[in-house]
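What follows is the residue order along each chain.
Protein chains: 2
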Amino acid sequence: MLAFEKLISIQKTNNTRLCIGLDPQIEKIPKGLAKDTLGILEFNKIIINCTWKFVCAYKINFAFYEQFGSKGIEIIEKTLEIIPKNIVTIADGKRADIGNTSKAYAKAFYEHFKFDCATLNPFLGIDSLEPFFEYPDKLNFVLICTSNPGASDFQKLEINDAKLYEIILKRLLARFDQSNLGFVVGATNEKEFSLIRDQTNEHFILLPGIGTQGGNLGKILFLNNNKNLIVNVSRDIIFASSEKDFEQKIIERTRFYYENLTLVDV
Amino acid sequence: MLAFEKLISIQKTNNTRLCIGLDPQIEKIPKGLAKDTLGILEFNKIIINCTWKFVCAYKINFAFYEQFGSKGIEIIEKTLEIIPKNIVTIADGKRADIGNTSKAYAKAFYEHFKFDCATLNPFLGIDSLEPFFEYPDKLNFVLICTSNPGASDFQKLEINDAKLYEIILKRLLARFDQSNLGFVVGATNEKEFSLIRDQTNEHFILLPGIGTQGGNLGKILFLNNNKNLIVNVSRDIIFASSEKDFEQKIIERTRFYYENLTLVDV
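Protein sequences, first through last, are from chains A and B.
If you read the first sequence in the working numbering, its first letter stands for residue 1, the second for the next number, and so on.
If you read the second sequence in the working numbering, its first letter stands for residue 1, the second for the next number, and so on.
Only chain A is shown next, with the shape it has when bound in the complex (with noise of 0.2 Å):
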């Protein structure tokens, strides 16, 4: 089954278009379980035992897991175990680089670990990003435009009478099909995220930086064509809190995006 096939799917299941990034952090693990990679594990299996009816997908961030080195990634091996099989799991680690290289990172994400999406970074062309297009039943989701206030500094410089992160869409749009091409697009970008929805209503959206980032998920769902999109929420439903209690306050925080995040409106 295609990525793009079994998100439409658990989205349909599931009744939403919640991911929850497991980002671990060993400072705001909860009190009760270890401060180390094992805790990490032992979070990880609490928090999708919790959400997994309430999500559509979980996005692994590689970075959180590779400064603990080969024992963090041990333990993304370990975490994708234990992820239900119709949910979603997306490598999230922004890679790409010239075309050996890259075919060695599409070949870690989609062999080694079986994702079946993954974020890719467009900045070194579209090359770059081809070695992960070969795998046809894959989902990658390229960087557009990002939530961080360092978005502006490059990706939405004008060139003639477009953005950059116009021109990388419209490449992307040209070159890569449909079931295998989708976007990141930081919800901090309301005005962005419309022009780029305008031009990819079929595509799906990975939505990053809703809750703590500041993202306003109220206006991009009502502005907004709201089919094939994924919203991701990390820090602000998992480290919900860091007390004893954190199992229910993460059901509870869960619920509370998952309401908001139904299909209803589609």
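It is possible that part of the hints are untrue.
Unchecked claim - Pairs of lysine to aspartate or glutamate residues, derived as EDC-like cross-links and limited to a Cα-Cα distance of at most 20 Å, are as follows:
hint	chain 1	residue 1	chain 2	residue 2
1	B	28	A	158
2	A	107	B	27
3	B	163	A	158
4	A	163	B	36
5	B	156	A	166
6	B	103	A	236
7	A	163	B	161
8	B	107	A	111
9	A	28	B	111
10	A	156	B	74
11	A	71	B	111
12	A	156	B	27
13	A	163	B	236
14	B	107	A	134
15	A	103	B	111
16	B	103	A	27
17	A	103	B	36
18	A	107	B	74
19	A	71	B	77
20	A	170	B	111
21	B	71	A	77
22	B	35	A	111
23	A	35	B	111
24	A	103	B	27
25	A	107	B	158
26	A	103	A	134
27	B	78	A	74
28	B	71	A	81
29	A	170	A	158
30	B	163	A	190
Simulated from the structure, these hints should not be mistaken for lab results.
Here the structure is a predicted model, which is why all the values come from computation and not from measurement.
Using the hints, position chain B against chain A.
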């Protein structure tokens, strides 16, 4: 000691600008070595043992290890242990993300693995790079103009009277100190290299794309001021032979580059 100073020191000691890229590929591991991660570690050991007197740095490209998951990352950890302490280590991951995540990547490279240098991707903006520059003794090589054909897609787009890579260069020079800031410029970009070198006489430039990728080393060395340059060669050295004579062939190829990369003309 600053990584910047360590690099100047080892370049003088070993009288070379040569960096060897440890980019293993299972299918190219020479005869006599196991075709698995342990074989890769053994291969790295042999390469390091027979080349460390002829290099200033080893560059470790994460993609080629990440494709084996946690076991591959463990090989990075073990390889770092056997690199002589006076030789510079470069984490080639081309990372960068929004602040929180970049902080975790910087922690990975500089606190967990303890690399001297890292390669970074500037697409997400200046703030995405800052966490790496919070390590005052480290040297960060930011991608400016890469060696692949796709470098023309976005990096060389014209914005007013400057190319995107020139705008990025200018912003970086204005923001970060010379002792922490280096640049990656692919050797296939001869014209761009001259332009960049003119503005960055005192900064280190990491030059990949020599050898297999077709970059013309001689031209770049003659046309430009060659101070503070690191020339990386990977495949053309490490895969010099797939036969049992591979150690001898690696030494021969290393010596070839070494003799062309001494410091006499600086």
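Task: Violating hint indices (sorted, rising) - done: Checked against the structure, the hints that fail are numbers 1, 4, 8, 10, 12, 13, 14, 15, 20, 25, 30, while the rest are satisfied.
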